[in-house]
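Protein chains in written order, with the numbering used here: chain A, 1 to 838; chain B, 1 to 380.
Just so you know, the hints here were simulated from the structure itself, not pulled from any lab data.
For clarity, every value in this text was computed on a predicted model and none was experimentally measured.
Treat the hints with care, since some could be wrong.
[As the list claims (entries may be wrong)] The calculated label-pair distances, taken between Cβ atoms and stated as ranges, are: (1) A:A102 <-> B:E249: 27 to 37 Å; (2) B:H364 <-> A:I483: 38 to 48 Å; (3) B:S103 <-> A:F788: 53 to 63 Å; (4) B:H358 <-> A:A789: 46 to 56 Å.
[Claimed, not checked] Only pairs whose alpha carbons sit at most 25 Å apart, straight line, appear in this in silico BS3-like list of lysine-lysine: (5) A:K61 <-> A:K9; (6) A:K521 <-> B:K14; (7) A:K61 <-> A:K265; (8) A:K387 <-> B:K163; (9) A:K9 <-> A:K435; (10) A:K733 <-> A:K751; (11) B:K376 <-> A:K539; (12) A:K805 <-> A:K766; (13) B:K43 <-> B:K14; (14) A:K619 <-> A:K637; (15) A:K766 <-> A:K637; (16) A:K619 <-> B:K194; (17) B:K376 <-> A:K619; (18) A:K268 <-> A:K335; (19) B:K43 <-> A:K521; (20) B:K163 <-> A:K391; (21) B:K376 <-> A:K387; (22) B:K163 <-> A:K626; (23) B:K339 <-> A:K539.
Note that the Cβ used here is the ideal one computed from N, Cα and C, for glycine as well.
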Amino acid sequence: MKFTLSWLKEHLETDASLSEITEKLTAIGLELEGIENPADAMRPFTVAKIISAQQHPNADKLRLLSVDDGSGNDWQVVCGAPNAAEGLVGVFAPPGTYVPGADFTIKATKIRDVESVGMMCSEKELEISDEHDGIIALPDDAPIGMSYADYAQLDDPVIDVSVTPNKQDCMGVRGIARDLAASGIGTLKPLALATANLLSNTVRVEPVETRNAQDPSTSSGRTDVIVINSDSDSEIFNIPRFGNGPDVRSEDSEGAPAFYATTVKGVKNGPSPTWMQQRLRAIGQNPISALVDITNYVMLDHGRPLHVYDMAKISGNLVARKAKTGEEVLALNGKTYALDDSMTVIADDDGAHDIGGIMGGEKTGAGDDTVDVLIECAYFTPESIAKTGQKLMLTSDARQRFERGVDPAFLADGLDIATALVLEICGGQASEMTKAGAAPTQERSVTYRPDHCSTLGGVDVDSAEQVQILEALGFGVDQTSDIWTITVPTWRRDIVGSADIVEEIIRIKGLDTIAPVALPKSVTVAAATATPVQVLERKLRRTAAASGLNETINWSFISEKEAAHFGGDWVLANPISEDLKVMRTSLLPGLLSATKRNIGRGASSVRLFEIGRRYFKAKDGSSDEKLTLGIVLSGDKTARDWQSGKSSNFNPYDAKSAVQTILSAAGVDVSRLMVMGDAGAHYHPGQSATLRLGPKNILAAFGALHPTAQKAFGIKGDVMAAEIYLDSIPLPKSRATMRSSYAPPSLQSVKRDFAFLLDEMTEAGKIINAIRGADKANITDARIFDRFAGEGVPDGNISLAVEVKLQPRDASFTDEDLVAISDKIIVSAAKLGAELRG
Amino acid sequence: MSDIENIQNDYLAKVEAAADIESLDAIRVDAIGKKGEISLLLKILGKMTPEERNVQGPIINGARTMIADAIAARKEALETAALNERLASEWLDMSLPAPQSHSGSIHPVSQVMDELTEIFADLGFAVAQGPEVEDDWRNFTALNIPETHPARAMHDTFYFPDKDAQEREMLLRTHTSPVQIRTMMEVAKRTEGKGEPIRIIAPGRTYRSDSDATHTPMFHQVEGLVIDKAIHMGHLKWTLETFVRAFFERDDIELRLRPSYFPFTEPSAEVDVGFSVDKGKRIIGGDRQGKEGGENGGWMEILGSGMVNPKVIENCGLDPNEWQGFAFGCGIDRLAMLKYGMDDLRAFFDGDLRWARHYGFDAHDVPTLSGGLSGKGAAA
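Same shape as in the complex, but just chain A (with noise of 0.2 Å):
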């Protein structure tokens, strides 16, 4: 919300600096976010005449000027506008100046041979308007050498707050004037008073003479018109008003329970008095015409959105109605929509004109010729207008108001503060305010204890302090028992209860004044604050780095094309690249795009991994989030070196033992997990596997990429990839810190050698398990320490040598013992076709 340090003075009688504004503004919620002063870009431009226009010797349509601003300088300047004649007084630029409206800075020059130093300025290039045609004619009395700035009274500092959807009353300048007047920054002057500021203003500037001449009607002057009841805030105005007002009414209660409107007749149109121009100018408002720049004026004023028709172009009367379905309305912004029967429309006769409270049509708008005008001030319901606004996907400044709601009780004061700048502005005749509906205007209270101020607000103001602060904001307080009943203003529909009343008294008050207060110290000191699945969480983020893997944060998101391979239950409606559409199933498609981009980047080797979730949908429809640890490892696993020559890459076991390393961190015995296929597609299906720690709890999958998937994925060379499903491991029942007690045992462990003749797809896996199943009362280990093809070992057939470990409880082995537990090894691989070596 933009606004000058004059308009704001409309309606703040103060000696604030505008720093102390400023700063109280952000204090009191009403965030700075910028503050300029278009004057400053003016200040080298200065109010000049042309002493002498003499025709240029080497062009037609050039002249060659001499020009006083007042400096003492004879400034020479070559000027092609046609109206720069001897004795014109206009705005003159030396060289050096920044000119805004062309962008450029003026230099000392030769044109055809001339020298001209400076310029004499359009509107344009001062960005007063687009006009072009000829430079600044100002009124002959306008004092040479004064520096524009000040001539045009530009010197208006803007400025620019961000405001809270909740502070709907602060849409307006006098709201803002209100919640600073409330903080002690000067007092908030009453509404007739600044209204009639207002019309003083538009009397400067715009002749009566003129008014008068068009609109005999009112000869009798202006001040006789209007009578300002500047005491009071209530009657403010007492209009003439000649004839009944317009038919209009509602006949959509819910969406726009009412409908005041006005006509005023014999206007005449055209540009708005220089003050209000320059006002809107200044906030980045474009001045269209007198009479829409009034009602902006009055919505940026106010905050109370109106809007004019041109009655030459209703066919019947206005009603507010609901759109049918399917009816279309050309709107002012030069778009048609299609509306729906949810949505509340202006109409006429002929059909819909406008989007109620959201944007006017341009059918029925008023423009230069309009004559007969109809002002229309309704009370928009607030939901019914974010609703349609969301569904149109069309915002505009009345929507924002309408939205946040307007003060319902300010329709017919706004109507007239609208219709008195029309008399005022554009002449004409008013009619009588036809008030069809009512707005919901019914008083509303909450119960507020004064001491909710120091037990929620945590700072203690007193009783006084409280009831004068809710008072300059318009509250009403009642203190006659210890719960005061608090009336809060029709503008302020955001306050429903005592946490309303502390804020506004502490925001106020300022929050600078909260002391901070400790947090009582918990009982339970020793508890854990984290879950038995974030400290895993943790410890494997650890064991994955600390294994050499580097750790990512990748998308949650990937492309439908890259969930091709994956799958994807959950696809957004409205992704912001089809790249990132897909909720992931996966955490390897984000970590082989992180993959790819590294290898691009030069890196030789890219060990990488994520912890994240993988997302899916649960049967009831919620999401099922299942919290994952991916790896991808590309490259060179080691570099060459002096010692073999050579790089070495990865291969699959480097992602098994990957994996295991980090099982192995989460607690689980990867001895006993079993080896399984059914990886997933993306994976090579003959190098890649799964561990279980049952036929159907599935803890990780790992292995090297399907050449498929990496092609899909770019990136040359062999990838090996790992997941690991947190939510499937097992996590410690007992929260016992006691361990069971520990016996070494008091004899040697023995180790024997066993050599088997397999068939070479016989898994290896099988057989140890088998052997470590043979006797188990016996046997702690077994461990593969060769594996053989080639001489004498028939073809499909591989060696298999085997060290086990055998433990003696009581005493040692004898002989008979040995041959015994070697039977049964034997016996136990032979069961798998494995054969032991002669």
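Since the structure of chain A is already known, use the hints to place chain B on it.
Only chain B this time, still in chain A's reference frame:
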């Protein structure tokens, strides 16, 4: 000089001259072996008269001992020389590189999350979590942001076409605040509406459809929630001051609360932190002055906070007349950037190994309060 002495000296000279173990052993056999010269002399001692034996015995035995000792000494010397020679031949160039062990890295966001967990553990805050694919009731409605509320439009929400079993629209959570709702509802359910004190933080991923130099569609937030019977804004201010000072590891940090608006808190405050400028970089804390030209120090917004709106407490099934408290939310990525000096948010999600090595953390740098969160230990 007797004959024996001559023999003895002869052998001692030979021992001294022996060049290797083999020749030394030959000398030993010749002198004191079973049939050695000295051994044979010892054998004739028995044939002597006791008087002669008394004279010759010590001389011959003495010679034997001397020769045996000399052989032992020479043997040790030869062995030492041989070892030294072998060691000299076994020289390795120890300047050659050893096989490399690979060290990975922890992402700064994870490190900062661990730091936050540590800080708040000390204040008694548990860590809570919730789903990232949320329903619109928990993400908005329960937080007092009804469907038509302007704040809903300000959230740039990612929606799914799906609805859950309760016909709620599914979306990506726009903030970690739905974890507040989940936590309070869980407490209300477990205590059958009676309620109990709550202190949680909820770090996690959040999403908004926004992407430019300073916004990414996915980012990280941490939520804080305290519910109790007499918690007020003074506690909020203290908690935030304690948190910010602990996190940035300096005491000279000022906080400024500014009134603001969040539908789920009332009163609401945005929180600015004072910063100074040093060598062109913003440093949290200090005297809020610029040091070397350019930008001046001042205030920057780092989080939003407020007292939990009574409607939110009620929506979760707790009695707002009995329970009140505060909540805050803060961007984790931004905290990391401000503390560790990264200037590009997008790099957080790129996976660039060079960035990871530069800004990442060693696996064993677990943040602890005793070691200082960033592991620098106490000031000297």
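Comparing the hints with the structure gives:
| no. | hint | result |
| --- | --- | --- |
| 1 | A:A102 <-> B:E249: 27 to 37 Å | violated (53 Å) |
| 2 | B:H364 <-> A:I483: 38 to 48 Å | violated (59 Å) |
| 3 | B:S103 <-> A:F788: 53 to 63 Å | violated (36 Å) |
| 4 | B:H358 <-> A:A789: 46 to 56 Å | holds (47 Å) |
| 5 | A:K61 <-> A:K9 | violated (47 Å) |
| 6 | A:K521 <-> B:K14 | violated (89 Å) |
| 7 | A:K61 <-> A:K265 | violated (46 Å) |
| 8 | A:K387 <-> B:K163 | holds (20 Å) |
| 9 | A:K9 <-> A:K435 | violated (32 Å) |
| 10 | A:K733 <-> A:K751 | violated (36 Å) |
| 11 | B:K376 <-> A:K539 | holds (21 Å) |
| 12 | A:K805 <-> A:K766 | holds (17 Å) |
| 13 | B:K43 <-> B:K14 | holds (23 Å) |
| 14 | A:K619 <-> A:K637 | violated (43 Å) |
| 15 | A:K766 <-> A:K637 | violated (29 Å) |
| 16 | A:K619 <-> B:K194 | violated (31 Å) |
| 17 | B:K376 <-> A:K619 | violated (49 Å) |
| 18 | A:K268 <-> A:K335 | violated (28 Å) |
| 19 | B:K43 <-> A:K521 | violated (96 Å) |
| 20 | B:K163 <-> A:K391 | holds (19 Å) |
| 21 | B:K376 <-> A:K387 | violated (55 Å) |
| 22 | B:K163 <-> A:K626 | holds (20 Å) |
| 23 | B:K339 <-> A:K539 | holds (24 Å) |
The structure is inconsistent with the numbered hints 1, 2, 3, 5, 6, 7, 9, 10, 14, 15, 16, 17, 18, 19 and 21, although it conforms to all the rest.
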